[in-house]
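Hey, can you piece these two chains together into the complex? The hints should help.
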Amino acid sequence: MASATSEPDALVQDAVVPDAAAGAQHLAPTVVRSVKILVVGAYGVGKTTLIGAVSEIPILSTEETITTASVGVDPRLGAKSTTTVAMDFGRVTVGGETALYLFGTPGQRRFWDLWVGLADGAVGVLLLVDTRRLEDSFEVLDQLEEHTQLPVAVVVNEFPGAPAHAAEDVLRALDLPLDTPLVSGDLRGRAQAVEALRALVAHAVRLRSAESSAA
Amino acid sequence: MPVQKPVQKPTDGYHDHPVRSYVLTGGRAHPTRNTLRPETLLCAVDDGRELPLGAGRHERALLETCRGTLSLAELAAYLRLPASLVAVLVSDLIDAGYLAVRSGGAHDLPGIDLLEEVLDGLRNF
Chain F
1 MASATSEPDA
11 LVQDAVVPDA
21 AAGAQHLAPT
31 VVRSVKILVV
41 GAYGVGKTTL
51 IGAVSEIPIL
61 STEETITTAS
71 VGVDPRLGAK
81 STTTVAMDFG
91 RVTVGGETAL
101 YLFGTPGQRR
111 FWDLWVGLAD
121 GAVGVLLLVD
131 TRRLEDSFEV
141 LDQLEEHTQL
151 PVAVVVNEFP
161 GAPAHAAEDV
171 LRALDLPLDT
181 PLVSGDLRGR
191 AQAVEALRAL
201 VAHAVRLRSA
211 ESSAA
Chain Z
1001 MPVQKPVQKP
1011 TDGYHDHPVR
1021 SYVLTGGRAH
1031 PTRNTLRPET
1041 LLCAVDDGRE
1051 LPLGAGRHER
1061 ALLETCRGTL
1071 SLAELAAYLR
1081 LPASLVAVLV
1091 SDLIDAGYLA
1101 VRSGGAHDLP
1111 GIDLLEEVLD
1121 GLRNF
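Top line first, the protein sequences correspond to chains F and Z.
Mapping to this note's numbering: the first sequence position 200 is 200, numbers consecutive.
Mapping to this note's numbering: the second sequence position 19 is 1019, numbers consecutive.
It should be emphasised that the hints constitute simulated quantities derived from the structure, not laboratory data.
Incorrect hints may appear among the rest.
Claimed, not checked - Examples of chain Z residues toward chain F, derived with CB under 7 Å: (1) 1068; (2) 1085; (3) 1095.
To be verified - Partial chain Z-side listing against chain F, Cβ under 7 Å, derived: (4) 1038; (5) 1041; (6) 1045; (7) 1046; (8) 1048; (9) 1051; (10) 1052; (11) 1065; (12) 1069; (13) 1076; (14) 1078; (15) 1083; (16) 1110; (17) 1112.
All C-beta atoms, glycine included, are put in the ideal place defined by N, C-alpha and C.
Looking at chain Z on its own, in the form it has when it is part of the complex (with noise of 0.2 Å):
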């Protein structure tokens, strides 16, 4: 038997269609990851691997949009969909490995010398 790559399994349920984002998201309503913010920086992981043929359209748009880094937030807007609905799909691309964080993860609150430098940057302006 040939061996297959891992097929990422929630998306074995997709449906081709825009139909509503339950059914788009395999029924379920949360990500498998809660430090996903609507700025969390993301990259499409650039190795050669291919989606599973099983992918869903919204996946396949989604990563080919996020060949550069952007956030979640623009994502969703660029691909027309709820930012909750991004959410889940870019989890399982993480999960899969086909999409990074590019930002540090979800930490409480930017540091101080994180704002300084926004500060000076601004002050740039």
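Next comes chain F alone, as it looks inside the complex (with noise of 0.2 Å):
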């Protein structure tokens, strides 16, 4: 039982935990279900930015922290270290009785089972790239396939001076099928972050239809 001694060690919590209640925002009564895109992509390439552009709620964030064994490294400055991986991600209620998350994730999928169930029933993924830095996408896009069967489209954030391409060079450098839907623009305005949702999951409808008819 929480005994009645001092706290020393209630210090941050104390100062968070009562705000808690205060500052959230509800889903309206008449949701009932919920479901969630995974926003991918490398580090700066506008996750959050997209997200936020549609998101009916302030841009909330949660962090798990991974301990590794360090390796090679001085035995007296302590056998472990701590890195904290954050998760912003966003909401959005479609249609008055559904929920939709938009979580967006590390690139990298290690990352992602820090978060149990993250990428299971997914309706599908935006991957957003920097035609820049294509490359970056790359190691994203091998562990999607390898892990995951969810449906893609690509989100070519129009950084300025970016190269325009062409959306099948895109699709062809980054090796995925050219019916992959590719949506390009500024994602800070909405409509083009709402355009990029609705083409993802047409997508999905699209694939999931194929599927349900070729069984």
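Have a look at this one:
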């Protein structure tokens, strides 16, 4: 049982926990189910920007800590180091009954596993790419192929000064099927972000229809 | 002997300090159910029952925060706790009847009907 001792450790949590309930933005009572889309891409490619452009709540973030035994480190410095991995996410209610969550996941698949069930049951993956650094997307893609059969749509965040590429060239470079939807534009705009989500969900519908007619 | 409400077992070992996660969860690293995902919708059960006295501060804050519907990920973000830890607390609170899963169980993939509904919803933006 919690003892009546003083709480010298309770500094950070005391400051935070009481605010949690006050700041929470609950879903409408009509919402009865949830779905999710993973927004993946290399660091700095605009995942959080895209999520923020459509989210009905301010961007939220959850963190997990990985503890790794360090190799080749002076034991006097301690045998373990910890790394914090953050995931930004947002939410948008669609059709009144469904909450669509957008999880901005770190590019590397090994980090996804920090959030149990993150990839399970997702509608699909929005892969954000910067055409100036396409190679940054390769690792993400390899791991997507290896671990999931989720529908993928590509979003090219048009950074100023980035060379314009034909959609087909980008898909070829990424070694993705040429019927993969590709949306490009300035993702700070809500219209562009919604367009990207629509393209992915429409693609998921097509793939599922094809599956069920093949079965 | 007075009849006591069943006290939530796993909370017995809780200490009300922001110490390491495994202490907060009574030494357990995994929730009692594996159907929880970051987007699972949760809502406090409003039947006037109070948490047992031994319940920790985080469980109280969690229930307080979850008076309306929120996903597990949102709970974790608001409480500033790792989602893995929140999943353990949530599992216990569901088992003890204080918290309910609002969204349908964790099925493999969203069905085509649901996908089309989402698509329609997005078209209306």
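Original post:
When the nearest CB of chain F is found for residue 1069 (chain Z), is that gap smaller than 7 Å?
Top reply: Since the shortest Cβ distance to chain F is 4 Å, the answer is holds.
**OP:** Verify the interface restraint on residue 1045 (chain Z): the C-beta must sit less than 7 Å from at least one C-beta of chain F.
**Re:** 15 Å, violated
Original post:
Does residue 1083 (chain Z) pass the interface check with chain F, least Cβ-Cβ distance below 7 Å?
Top reply: 5 Å, holds
Original post:
Any CB of chain F closer than 7 Å to the CB of residue 1095 (chain Z)?
Top reply: At about 17 Å, which exceeds the 7 Å cut-off, the nearest Cβ of chain F leaves the hint on residue 1095 (chain Z) violated.
Original post:
Taking the closest Cβ pair, is residue 1068 (chain Z) under 7 Å from chain F?
Top reply: 3 Å, holds
Subject >> Hint check, residue 1112 (chain Z) versus chain F [nearest Cβ-Cβ separation less than 7 Å] >> reply: 5 Å, holds
Original post:
Any CB of chain F closer than 7 Å to the CB of residue 1085 (chain Z)?
Top reply: 9 Å, violated
Original post:
Should the interface hint for residue 1041 (chain Z) be scored as holding, given a Cβ-Cβ cut-off of 7 Å against chain F?
Top reply: 5 Å, holds
**OP:** Go through the hint on residue 1051 (chain Z) and say holds or violated, using the shortest Cβ distance to chain F against 7 Å.
**Re:** 12 Å, violated
Original post:
Do the numbers back the hint for residue 1076 (chain Z), that is, is its least Cβ distance to chain F under 7 Å?
Top reply: For residue 1076 (chain Z), the interface hint holds, since the closest Cβ of chain F sits about 4 Å away, which is under 7 Å.
Subject >> Interface restraint verdict for residue 1110 (chain Z) against chain F (beta-carbon cut-off 7 Å) >> reply: Interface hint status for residue 1110 (chain Z): holds (5 Å vs cutoff 7 Å).
Original post:
Minimum Cβ distance from residue 1078 (chain Z) to chain F below 7 Å?
Top reply: 4 Å, holds
Going down the numbered hints, you'll see the structure goes against 2, 3, 6, 7, 8, 9 and 10, while the others check out.
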